[in-house]
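Q: Spelled out, the chains give:
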Amino acid sequence: MIVRPRKLLKDMRLLIVEDNDRMAALLADGLQRRGFVCDVALNLVQADEAMASAQYDAIVLDLGLPDGDGIDWLAGRRKYKQMPPAIIQTARGALEDRITGLDAGADDYVIKPVEVDELAARVRALLRRPGVRTQPVIEVGTLRFDTASRSACVADRKVDLSRREADLLELLMRRAGTVVHRDAIENALYSFNDPVTPNAVEAAISRLRRKLDEAAMPGMLHTVRGVGYMLKDIQT
Amino acid sequence: MTQRRSVSRRLRRGLGVIGLIGTVLLLAAVAFFYSFTFTHLDPQVAMLHAVKEMMEHVALPLVVLLVPVTVMVLRVIRQAFVPLEEAASEIEATRGHERGFRIDASHMPAEALPFTDAVNDLLTRLDEAAARQEAFAADVAHELRTPLALLSLELDRLDHNDAPRLKKDVAAMRRLIDQLMLLAQIDADAAAQIAPEPISLVNVASDVVGSIAPGIIAEGKMISLDIDEGTPIVNARREAVAAALRNLIENAKRVTPVGGTIQVRVGPGATLAVRDEGPGLTPDRLRDLVQRHRRADHASKTGAGLGLAIVERIMTAHGGMLSTDVATRELVLRFPEP
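Chains U and V are the protein sequences, given in the same order.
Mapping of the first sequence onto our numbering: residues 1 to 236, in sequence order.
Mapping of the second sequence onto our numbering: residues 237 to 574, in sequence order.
For the record, the hints were derived by calculation from the structure and aren't laboratory data.
The beta carbon of each residue, even a glycine, is placed where N, CA and C say it ideally should be.
List time: in silico SDA-like cross-link candidates among lysine to any residue, alpha-carbon distance up to 20 Å: (1) V:K403 x U:D29; (2) U:K232 x V:P450; (3) V:K403 x U:A121; (4) V:K403 x U:R34; (5) V:K403 x U:V110; (6) U:K232 x V:D443; (7) V:K404 x U:D117; (8) U:K232 x V:I453; (9) U:K232 x V:G495; (10) V:K457 x U:T223; (11) U:K232 x V:S447; (12) U:K232 x V:K457; (13) U:K232 x V:G456; (14) U:K232 x V:A454; (15) V:K457 x U:H181; (16) U:K232 x V:T497; (17) V:K457 x U:P218; (18) V:K404 x U:I111.
Sample of chain V residues lacking proximity to chain U, with all beta carbon distances greater than 10 Å (derived): (19) S244; (20) R246; (21) G255; (22) A267; (23) S271; (24) V281; (25) E321; (26) D340; (27) L362; (28) A366; (29) D375; (30) R401.
Same shape as in the complex, but just chain U (with noise of 0.2 Å):
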């Protein structure tokens, strides 16, 4: 039996900045029991000091704050500061107002009431793209990707991939639970002059998989055919 590390999340610093303070509360403790550190700020002023005085790997924002709109805020700052990334937390069900909130430099969004597991999945999610805060090593599940030297690994056992392979493991690692498009796998697998076999996504992927079904990972890549692919951790 080994023990995962699970140093990596530890470290994950959060902000969330929600006016209601019961709710805050209630976020923070939620957060906080899947592993991460959360301060809260209930308005944008508290925000801007708690940004000033600690670094932050992602930030949670809720829109309607007493002293001005989440979205201003972000975008604002977003202007001249380098900023975590952002997820916006809203009650706002309004179709076109989700893409606002992306436009104005979200990175992701959740509606309210949000459940605390998915907004925990979705700033895991956030913090494994590539960005602020550079992580040598992603994790999904047991399963252990190593940016530096280009490995992986399943419960402390090596996986052997070719370039290709790993760079494709990569890629689904860091969107691990959510889909990646096979466009989006073509482009950022096979360069512009590369000749691209109609099948060569399917190729790479079912050697992936078989890898990692011999790696006792069975079930971890799913294929929604017609779409793309997802690697998804067997618990969640």
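Go by the hints and put chain V onto chain U.
A: Chain V alone, transformed into the frame defined by chain U:
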């Protein structure tokens, strides 16, 4: 059953009666003027002569007068009713776009104006009532979100056997609220008459299937997307079409057993279809589900019908339709060809 009163029939009858009365009165007047009595008509020859005289001087002028009058009056009446018939077909054509419709009174005869004005006034009041109702539903849905979010978060902390079951109930409530908000949004857009834009159905379907797939896979089910020849472009509101497709897939997910596959298809033509492994919906049942929730006199616990009612509403707003194919177990969204 009494015969419905038709203006032309009454006119015809009235003119006939006038002709008859006129004839009798004329005869009476002639008889009185010339002091005729029945004894004067005793010989056969006198009788024949009298009849001939009457035909020439009474019946003929009456016919000559009454026939053109009848023709003209009927014509005038028919023309007077043409704007009403046109208004009726205009009203019929608004099916699905009723909001904001008013009868065009510019060609109406003056006599019909009080009626059309009254109807238009009624339509205005109905529109306002509907808007108030929608705004209220949207407000309620909106206000419910915060307490529901708190409830959901509190449940998350609860370490009890009942917690998962309660969480499921909260999730169901959340879905219903989402549907209500979506409905309000569609109505608001319809009222604001936001112009549709050209969108690719393949693109929308691929995005929706991609975003919904993780939840389906988590339940041990599968989903696939098939694309027929061509890439149909339709004029529509992208988010609304995505919501309609999402609703159909959610519906299919409910009836598909673990291990089953939901098949989404784009085309042929400007169509989106979702096939599940359930028993399929008959057209009657579909109409039933859609109607029942439109009338809002019944609400299912799962919100299945509400979802379909919303899909139907989105489709009518786009000039398309939601239909069912029992043979292939498919629900089909058909858009008008651009």
